[in-house]
Each structure stands twice: as C-alpha cells, then as structure tokens.
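Chains as they are written, first to last, in this note's numbering: chain A, 1 to 281; chain B, 1 to 237.
Just so you know, the hints here were simulated from the structure itself, not pulled from any lab data.
Yeah, the Cβ is synthetic: ideal placement off N, Cα and C, and Gly gets one too.
Treat the hints with care, since some could be wrong.
[Stated by the list, open to error] Every beta carbon over 12 Å from chain B, so not counted as near; a handful from chain A, in silico:
1) Met67
2) Pro72
3) Val101
4) Val151
5) Phe159
6) Phe168
7) Val178
[As the list claims (entries may be wrong)] Calculated from the model, a selection of chain A residues having no Cβ within reach of chain B, i.e. all distances over 12 Å:
8) Thr7
9) Leu37
10) Met71
11) Cys125
[What the hints assert, rightly or not] SDA-like mimics (lysine to any residue), calculated; alpha carbons at most 25 Å apart, straight line:
12) A/Lys38 <-> B/Lys181
13) B/Lys103 <-> A/Leu158
14) B/Lys70 <-> A/Asn171
15) B/Lys70 <-> A/Tyr182
16) B/Lys127 <-> B/Met172
17) B/Lys181 <-> B/Gln53
18) A/Lys226 <-> B/Gln53
19) B/Lys54 <-> A/Glu181
20) B/Lys54 <-> B/Glu159
21) B/Lys99 <-> A/Tyr182
22) A/Lys38 <-> B/Asp69
23) B/Lys7 <-> B/Gln53
24) B/Lys103 <-> A/Val189
25) A/Lys226 <-> B/Gln116
26) B/Lys7 <-> A/Glu181
27) A/Lys38 <-> B/Gln53
28) B/Lys54 <-> A/Leu185
29) B/Lys199 <-> B/Gln76
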Amino acid sequence: MNELIYTLTTYSFVRYALIVGVLIALCSSLLGVTLVLKRFSFIGDGLSHVAFGAMAIATIIGITDNMLFTMPVTIICAVMLLRTGQNTKIKGDAAVAMISVGSLAIGYLMMNIFSTSNNLSGDVCSTLFGSTSILTLSVFEVWLCVALSVVVVVLFILFYNKIFAVTFDENFAKATGVHSEYYNLLIAVVIAVIIVLAMNLVGSLLISALVIFPALSAMRIFKSFKSVTICSAVFSVVCAFLGIIISVLEGTPVGSTIVAVDIVAFFAFYFLGAVLGGRVK
Amino acid sequence: MVQIICKNLSLGYESNVIVKNLNFNVNAGDYLCIVGENGSGKSTLMRTLLSLQKPISGELEFSDGLSSDKLGYLPQQTFIQRDFPASVWEIVLSGRCSKEGFKPFYSKEDKAIAMQNIKKMEIENLKNRCYRELSGGQQQRVLLARALCATTKALLLDEPVSGLDPILTNQMYELIDNLNKKEKITIIMISHDMESALKYATHILHIGKEIVFGTKQDYLNSSIGKGFLSNREGGAQ
Numbered sequence: 001m002n003e004l005i006y007t008l009t010t011y012s013f014v015r016y017a018l019i020v021g022v023l024i025a026l027c028s029s030l031l032g033v034t035l036v037l038k039r040f041s042f043i044g045d046g047l048s049h050v051a052f053g054a055m056a057i058a059t060i061i062g063i064t065d066n067m068l069f070t071m072p073v074t075i076i077c078a079v080m081l082l083r084t085g086q087n088t089k090i091k092g093d094a095a096v097a098m099i100s101v102g103s104l105a106i107g108y109l110m111m112n113i114f115s116t117s118n119n120l121s122g123d124v125c126s127t128l129f130g131s132t133s134i135l136t137l138s139v140f141e142v143w144l145c146v147a148l149s150v151v152v153v154v155l156f157i158l159f160y161n162k163i164f165a166v167t168f169d170e171n172f173a174k175a176t177g178v179h180s181e182y183y184n185l186l187i188a189v190v191i192a193v194i195i196v197l198a199m200n201l202v203g204s205l206l207i208s209a210l211v212i213f214p215a216l217s218a219m220r221i222f223k224s225f226k227s228v229t230i231c232s233a234v235f236s237v238v239c240a241f242l243g244i245i246i247s248v249l250e251g252t253p254v255g256s257t258i259v260a261v262d263i264v265a266f267f268a269f270y271f272l273g274a275v276l277g278g279r280v281k
Numbered sequence: 001m002v003q004i005i006c007k008n009l010s011l012g013y014e015s016n017v018i019v020k021n022l023n024f025n026v027n028a029g030d031y032l033c034i035v036g037e038n039g040s041g042k043s044t045l046m047r048t049l050l051s052l053q054k055p056i057s058g059e060l061e062f063s064d065g066l067s068s069d070k071l072g073y074l075p076q077q078t079f080i081q082r083d084f085p086a087s088v089w090e091i092v093l094s095g096r097c098s099k100e101g102f103k104p105f106y107s108k109e110d111k112a113i114a115m116q117n118i119k120k121m122e123i124e125n126l127k128n129r130c131y132r133e134l135s136g137g138q139q140q141r142v143l144l145a146r147a148l149c150a151t152t153k154a155l156l157l158d159e160p161v162s163g164l165d166p167i168l169t170n171q172m173y174e175l176i177d178n179l180n181k182k183e184k185i186t187i188i189m190i191s192h193d194m195e196s197a198l199k200y201a202t203h204i205l206h207i208g209k210e211i212v213f214g215t216k217q218d219y220l221n222s223s224i225g226k227g228f229l230s231n232r233e234g235g236a237q
C-alpha cells in the first residue's frame with residue numbers, strides 16, 4: 001500500500017496512465033452495451049485492425065502524427081460496417097471479419113516491405129498487444145483524451161433515450177420518425193474514436209475486451225437497460241483501475257493485465273448472477 | 001374521414017415488382033385486415049406504409065392529420081429482443097421517443113402517456129419487470145402499449161398473434177377490437193388467420209395474383225372469398 005501511494009505521488013506518468021486508462025474504459029463500456037446487443041461485439045476487434053493497418057500506412061508515408069490519418073480511416077470503416085445492417089449482400093459478421101483480417105494483413109505486409117525500423121517484430125507486437133506507450137503519455141495526449149472522453153460521455157447522456165430506442169427496435173424507431181441513421185452514424189463515429197484512443201492502452205488485439213466484458217458481466221445481474229449501462233461503466237472503470245495498478249506494481253504488460261482483471265470479474269458476476277437467479281430487477 | 005389513400009401502387013425491391021396496381025383507401029375507425037399467401041407482398045406493403053421503403057410507382061397519401069410517422073406499429077419480434085435487458089417501463093416509454101425531436105429527455109407528459117397506455121394494456125404489475133422474462137402474450141401487450149404511445153389515430157399490426165396459444169390469441173384480438181371500438185383507433189393488420197379476420201375486420205385487402213379490396217361483405221361475395229368459404233366448409237365436413 002505504501003509502495004502504491006509512493007508510486008502515485010512520485011511518478012506523474014502513472015497518474016496520467018490511470019486517468020487515460022480509466023476514461024477509455026468508461027467510454028468503451030458505455031457503447032459496449034449497445035454494440036453487444038446489436039450483435040456487433042466484434043466490431044471493436046475489426047476496427048482496431050483497421051486502425052492497425054492505417055497506422056502502418058501512416059508510418060510509411062511519413063505522417064508524423066499517426067492519429068491524423070488513423071482516426072478518419074477508422075471512422076469511415078466504422079460507418080461502413082454499422083451501416084450495412086440487414087439488407088446487404090455481405091452480412092454484418094462477414095463484413096467485419098473481412099475488413100478485420102484484410103487490414104491486418106495489409107498493415108503487416110506494408111510494415112515488412114517498407115519498414116525503416118530495425119525492430120520490426122517489436123513494433124508489430126507493441127501495436128497489437130498494447131505498448132508501454134500508455135506509460136509515456138505526454139500532457140497534451142492526456143488532455144486530448146480527457147476532452148474526447150467528456151464529449152463521448154455527454155453525447156451518450158444526451159442521446160441515451162434515442163440510443164435505447166434504436167438499439168431495441170430499429171424498425172419501430174424509424175417507422176415512428178426517429179432518424180435512426182443519424183444515431184447509427186453517431187455510434188459508429190464514437191466507437192471509432194474510442195478505438196483509436198484505446199490502441200495506446202491495450203493494443204489492437206485486446207480492445208474488444210474493453211467493449212464486451214463490462215456489458216456481458218452487467219447483463220448477468222441487471223435487467224433494465226439503465227442499470228446494465230451504469231453497472232458496466234462502473235465495472236469497466238474499477239477493472240481498468242485495478243489492472244493498471246497491478247501492472248505498475250508487478251511490472252506486467254498493461255493491456256493484458258486489465259483484460260485479465262476483466263475476465264476474473266466476469267466470472268465473479270457470472271456466478272453471482274447464477275446465485276441470485278431472478279431476484280434482482 | 002379518409003386517412004390513407006393508395007393509388008396504382010407498385011411495391012417491391014429494386015426492379016423486382018411484387019405487387020402491382022394496388023388501390024385502396026382506409027377511413028378513420030376502419031378495421032382492415034391484409035391477407036394473402038406468404039411472399040405475396042403483405043410485409044412489403046406494411047414497410048411501405050411505414051415509409052421504411054419507397055414504392056416503385058404510384059401514390060401513397062395520408063390525410064386527416066396522419067402521416068407515416070404518426071402510425072403506431074406492432075412489429076414481429078426480432079431475435080435481438082429475446083435477450084434484451086430492458087424493463088417494461090423503458091420499452092413503453094421509448095414509444096414516445098420520436099415525439100421529443102432532438103430534446104434529450106422525456107417530459108412529464110411523455111411519462112403520463114406511457115403510464116396511461118400501460119394501464120390500458122393492464123400490465124401495471126409488470127412495469128418494472130424485465131422484458132425478456134415475460135411470456136409471449138405479455139411481451140405483445142408491452143409492444144402494443146409502446147405502439148399506442150406513438151399514435152392516437154392508427155395502428156399497424158404485423159401478425160400480432162403469431163406464436164400465441166389459442167386463449168392468448170383470443171385475448172389479443174379482443175384487446176385490439178376494444179382499441180378499435182372504444183378508442184376509435186384505425187386498425188391495419190396483417191393476418192394469416194382468416195377466421196378472425198372475418199370475425200373482427202370491417203374491410204379486407206387480399207393480396208396475391210388477384211387483388212381484392214372491399215368491405216367484409218364484398219370480399220365474401222368475391223370469387224376468392226367464395227373459394228375460401230367453400231374450402232372451410234369442405235374442411236369442416
């Protein structure tokens with residue numbers, strides 16, 4: 001405990017990592033409920049591979065700030081994927097899988113052919129599994145993350161009722177005059193932004209965990225949309241916090257530690273849900 | 001008072017025309033049943049009425065203050081909803097969503113209307129229950145209460161009794177009939193159940209190779225109606 005307090009007060013990078021980690025976890029869990037219920041659990045995974053591919057290309061063509069290129073590309077793919085919905089030639093899951101592995105392959109290929117770095121596998125590995133870059137955040141990046149998170153949370157609260165209506169029954173919402181396409185677009189853009197931000201934290205292979213574990217765990221116990229959303233936000237924040245603390249103290253990789261904590265908590269919720277049965281409303 | 005006018009409507013997807021030369025009117029207070037075989041275009045017609053898709057040609061007009069977004073809609077259940085964590089209250093209230101425009105939260109009036117419709121459907125005791133734990137009949141009542149939140153004039157129902165047992169089916173029909181008679185809500189229903197269609201409806205629209213539209217009596221006098229009746233008598237013997 002003393003060691004923890006000492007670490008927190010002495011090293012600003014630990015505080016930054018905590019702030020950013022907790023905020024990203026909060027944002028991803030809010031949208032996670034909607035994505036899981038819309039059967040788009042895998043979109044996080046797919047989009048993060050797109051972000052990986054985009055990042056590789058950005059590095060090669062020499063864009064210094066990766067995010068300027070990665071963010072728009074990911075947003076465009078997110079919009080395309082979520083738009084597909086029901087009436088398309090390639091169904092949702094197949095489209096996600098296709099774009100996901102496609103951009104992963106292109107990204108790796110590009111890095112291999114054009115790479116100027118002499119530690120290629122190290123670069124690839126850190127992009128996939130999360131690097132230590134969360135521990136080397138600059139003050140600007142922290143503020144950027146704080147600002148974007150505030151925007152995401154405010155948007156989510158403002159459009160909470162619409163998001164519920166569109167998630168529960170898109171046709172009904174559309175038929176009664178809710179502009180569901182705008183809200184789908186909003187969800188797509190927000191999830192893309194979160195994923196590009198979260199790549200720093202857990203790396204592109206593990207982002208799905210931040211999206212699905214909180215939502216699935218909360219759904220074990222709670223039974224109204226509001227309580228599930230609130231519970232998954234709290235779940236995600238607590239797990240991210242614990243994960244980062246553990247990883248700093250024990251020197252384990254940040255991303256996979258957070259996901260490990262998520263898994264443990266998921267099983268705790270699972271058994272709790274089984275024990276409680278139908279008692280919690 | 002005419003609420004919906006369809007003139008020479010052709011329906012379908014892209015170049016694939018499913019229904020041609022559809023002509024019918026719906027008046028306030030009518031109870032219209034849309035019948036026809038599978039694939040004859042009943043659901044396409046319903047999607048067109050709801051503006052979820054555009055007609056290929058022809059005219060579809062709303063009057064008497066009705067428009068496609070003022071229609072209440074009872075859809076068939078989607079597979080997403082079967083394990084959706086939502087309370088009955090949340091679902092019914094979401095029927096008011098479009099009435100809010102871009103305002104983020106529900107007003108007191110919205111909540112009052114939602115509560116009123118919950119009472120009307122006699123599901124007050126289920127208000128805080130989880131939707132996925134309800135029986136099929138209860139779920140239909142919840143969705144009907146939601147549809148009523150979106151309209152005061154006309155309801156579109158897409159096979160409202162599919163998957164219900166005979167007792168619940170009868171209850172559902174009585175409930176819908178009540179809305180029609182007491183609340184003067186226009187009912188447009190897709191149905192496979194000819195017996196009940198003939199029992200409750202005032203008008204029948206038969207879609208298929210031949211299109212027949214008219215009052216129940218017109219329909220029974222048409223060749224298709226007669227064919228149906230003789231089949232039924234044949235089946236009973």
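Practice task
Enumerate the violated hints, using their earlier numbering and listing them in ascending order.
Solution key: Violated hints (numbers, rising): 5, 6, 7, 9, 12, 17, 18, 26; every other hint is consistent with the structure.
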